[in-house]
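*Asks:* One-letter residues, chain by chain:
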Amino acid sequence: MKLAELAEATATQIECGDPEMEIHACVGLEDAGPSDISFLTNPKYTSLVSATKAGAIFLGKGTVIGRDDLAILRAEDAHVAYALALRAFNPEPEIEPFVHPTAVIDPTAKVAGDAAIFANVVIGPGAVVGSRARLMPNVVLYANAAVGDGSVLHSGVSVREDCEIGRNCIIHNNSTIGSDGFGYARTPGKKWLKVPQAGRVVVEDDVEIGANTAIDRASIGDTRIARGAKIDNLVQIGHSCTVDEDALICAQTGLAGSSDIGKRVILAGQVGIAGHLKVGDDAVITAKSATSHDVEPGKTISGIPAFDNREWLRSTAAYRKLGEIAARLRKLERKVLGEE
Amino acid sequence: MKLAELAEATATQIECGDPEMEIHACVGLEDAGPSDISFLTNPKYTSLVSATKAGAIFLGKGTVIGRDDLAILRAEDAHVAYALALRAFNPEPEIEPFVHPTAVIDPTAKVAGDAAIFANVVIGPGAVVGSRARLMPNVVLYANAAVGDGSVLHSGVSVREDCEIGRNCIIHNNSTIGSDGFGYARTPGKKWLKVPQAGRVVVEDDVEIGANTAIDRASIGDTRIARGAKIDNLVQIGHSCTVDEDALICAQTGLAGSSDIGKRVILAGQVGIAGHLKVGDDAVITAKSATSHDVEPGKTISGIPAFDNREWLRSTAAYRKLGEIAARLRKLERKVLGEE
Amino acid sequence: MKLAELAEATATQIECGDPEMEIHACVGLEDAGPSDISFLTNPKYTSLVSATKAGAIFLGKGTVIGRDDLAILRAEDAHVAYALALRAFNPEPEIEPFVHPTAVIDPTAKVAGDAAIFANVVIGPGAVVGSRARLMPNVVLYANAAVGDGSVLHSGVSVREDCEIGRNCIIHNNSTIGSDGFGYARTPGKKWLKVPQAGRVVVEDDVEIGANTAIDRASIGDTRIARGAKIDNLVQIGHSCTVDEDALICAQTGLAGSSDIGKRVILAGQVGIAGHLKVGDDAVITAKSATSHDVEPGKTISGIPAFDNREWLRSTAAYRKLGEIAARLRKLERKVLGEE
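Residue numbers (this note's numbering), protein chains in the order written: chain A, 1 to 340; chain B, 1 to 340; chain C, 1 to 340.
Next comes chain A alone, as it looks inside the complex (with noise of 0.2 Å):
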């Protein structure tokens, strides 16, 4: 691709360098050669720049570089550039529309002729598979189940009855959409009364859900993942949650049930939201932290159970000298008590 294609495709300015370039890839500052280009997204790495023998670099705005010997594309977003440019190098394969002998579709069931069905697929009665969607090795549509146009369903996935998936959806290896909520009422003996989960999991268009993570179906009504929500690994979904448009929810949180996630949210990796909240559009909430109370709009909070996260970080702070801080209290009370 030349550097003039390459600055289009990544709606990036040439500010230095030859538009007749030739790049061949986008690698990393450590790994680029002189017709790669690279890029610069976390100023952690900014040391590594003066020593890439990349031919080109995308930069964002106000970035400086030491530098005049490499081409320079200067990009509003430097990251948005860098995924553009993957994007441009690694375009989506064509889809060859199949169905392996060894799938196995119920009569009933009614799969686009434009769909690709690997081996073993499992596809339920009155399951639906849209056109162009994909359903790798040994993934099981349960009945009723359905899957939207252009959707991917990466090996060992289980929609479980009835649930739905909706366009252009990726779905990573081994996760499972619409097993039960885990409801039990207690009784008097205090042994578990199961509660019947007979509700359902809707996935909106545009998700991407992570490998190996459970999403439950709701016990009454739905479990609702919504337009543009971008899910890690190993998360769970508690039943009859929504996790709203465009949220972002990072690896292993887990959401009891009933909480409601809000727009562009942010949930980074180990997060745990307790049972029946609401957590605000807009709103972060750190690694590792949990909260049991709802979140308001656009705040971050940090911490178990989590508030304010500038307080946090001042806690934190005095906590590494707990110790020394709870042996000052002692002198300090003996002096004035003359205690002990």
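Careful, some of the hints might be misleading.
Because identical chains cannot be distinguished in the list, a pair is counted as satisfied if it fits within a single copy or across any two copies.
Listed below are the simulated DSSO-like cross-link pairs for lysine-lysine, each with C-alpha atoms no more than 27 Å apart in a straight line [to be verified]:
#: 1; residue 1: Lys263; residue 2: Lys299
#: 2; residue 1: Lys321; residue 2: Lys335
#: 3; residue 1: Lys299; residue 2: Lys44
#: 4; residue 1: Lys61; residue 2: Lys191
#: 5; residue 1: Lys61; residue 2: Lys44
#: 6; residue 1: Lys263; residue 2: Lys278
#: 7; residue 1: Lys278; residue 2: Lys53
#: 8; residue 1: Lys194; residue 2: Lys263
#: 9; residue 1: Lys53; residue 2: Lys2
#: 10; residue 1: Lys299; residue 2: Lys278
Bear in mind the hints are in silico, worked out from the structure with no lab data behind them.
Predicted model only: the values in this text are computed from it and were never measured.
Fit chains B and C to the given chain A structure using the hints.
*Replies:* Same frame as chain A, but now just chains B and C:
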């Protein structure tokens, strides 16, 4: 179903309303209509009662609502009544015994004639499948694994060699029963020498296990999940653990090896239990907590490491102001000690 | 096996007992009988030694028991001896090479003639399976995936396109190797733009990976699990991470992207490692801890965020009384400052 029939099925009393009234479904307060029954089990939702269009409602002992224009079924425990109502409205489907032609069953395995074996199931040598058991697509039983009468294994579940699943169990999708425990001896050269995991997992009757959960086999002897225990999604049970009767283990909790979880213990979400511990009967460990010490029967503990829940609540309240506490202590020291 | 043979197999010395004595199994202290050997590796169980009916016991250097009526095999390290004994009593089964007729193998794949390919395995175009490798039922190798000699992939494991598994590895059930990293650029309109994950996962020789674990492919370059590393169940390894030789990562630990875990590092259960960090060789991070900073080689750290383990122990002790500390400080303030 008539109101009177529903009252009988749920062990509730008609406090108000026509016994002949027809009820079609059990629905949440916000979505219920005149021919639905709703429920109030969580006081958080009391405010929704005034606006509900439900024709009837389950209420627990002592719950008062300011309305008399809808039928009331009075329950000892509204949550139990709700569970029983959902069970009445969603009866278990009849199992149609069959063996799908793509299932691969070793000739030495014993599969009950009235079991349901779905597509691509693989049953190894010497394995046993009980009466009315259901193995959904892609379930794998290794050699000599056993599944008891009436149990359901959902797609993607693997039961490893020699492990036993009891009667009337439910195991959700992509869970692993009997993977090797994580056991190594460290050699003088600081390599990890694998300790063979020659034991088993035994799951007793009436156990439910969520999706994407992993239960490790013992090195020697058994890992045991006792009758009536309920285990959620993405839970880790290490080798040689015992989870005793009617224990409840919520999502993403992890047990290291050789710990005993007592009867009716509740481990909330994302809890961690170190190895070789005893958690006493009826103890509760709250969400995101971890213990590396034994827990007394009946105690509720919290924190990392966990201690008495009430003390912990007091500590967490003070923690939010720990930065300020440190500053105040410094001020006092200056005053008293005249330091810096 | 004769006691003398067992001593040789486990590199131990017969300190007491008849070399010709027959030992049939290695069993726990409570369950062992006169023809079994038992072991004492955890001092917690010392009290069980007086009552054991075992005919022989492995003891580590310096361990004294008040009994001379059972044979003693004295080991440099009792845990290593125990591992070697179990290996002697549970030899690896011979592999019988075969390809099950239901396996679906692309004609361009290369499968060694002495590999064992179980039912419903799917091997994609260009994939390679080494000598004496075992692919258990329902394993899926995507295009150009490679599995080295002697490795075992358990049922439900997926190895995604272009990823490599080395020699003599074990991967337990339902784990995912090579799912897309969780990489998005945020557009000015606050949508998530997927960053293609065009790299690979490379797993070197002698690695063991637990059940239901997810290891993400890199966006560019490789995610690498180096020789001898051991990874437990339900672990998340983010894109572009390196786990170096002989590292040990316990269950439910998560690494965000681009972090380097040094040689022989131990990450205990449920640990979290933020992105772009370096954890130095031989460092230890204790259970339930998290770090967002680099960790020096050899350090043991704890807490969220984690700091020196000894300091942390002191802080946790004071934390239990933090409510009381705050009250005592208030009292002192009143006395000294005359405030309220």
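*Asks:* With reference to the structure, classify each hint as holding or not holding.
*Replies:* So, going through the hints one by one against the coordinates:
1. In this assembly of identical chains, Lys263 and Lys299 lie within 27 Å of each other by CA distance solely inside one copy; the values are 13 Å within and 39 Å between copies.
2. In this homomeric assembly, Lys321 and Lys335 come within 27 Å of each other (Cα to Cα) both inside a single copy, at 21 Å, and across copies, at 21 Å.
3. Taking the closest pair of Cα atoms, Lys299 and Lys44 come within 27 Å of each other both inside a single copy (26 Å) and across two copies (23 Å).
4. Taking identical chains as interchangeable, the C-alpha atoms of Lys61 and Lys191 lie at most 27 Å apart only when they sit on different chains, with a minimum of 20 Å there against 62 Å within one chain.
5. In the homo-oligomer, the alpha carbons of Lys61 and Lys44 lie at most 27 Å apart inside one protomer (17 Å), although the nearest pairing across protomers, at 48 Å, exceeds that limit.
6. Only within a single protomer do Lys263 and Lys278 lie at most 27 Å apart by alpha-carbon distance; the minimum there is 11 Å, versus 33 Å between protomers.
7. For the homomeric pair Lys278 and Lys53, the shortest alpha-carbon distance between copies (24 Å) is at most 27 Å, but the shortest distance inside one copy (49 Å) is not.
8. In the homo-oligomer, the alpha carbons of Lys194 and Lys263 lie at most 27 Å apart only across protomers (18 Å), although the nearest pairing inside one protomer, at 32 Å, exceeds that limit.
9. Proximity of Lys53 to Lys2 under the C-alpha cut-off of 27 Å is restricted to the intra-copy arrangement: shortest distance 18 Å within a copy versus 65 Å between copies.
10. Proximity of Lys299 to Lys278 under the C-alpha cut-off of 27 Å is restricted to the intra-copy arrangement: shortest distance 12 Å within a copy versus 30 Å between copies.
Checked against the numbered hints above, the structure violates none of them.
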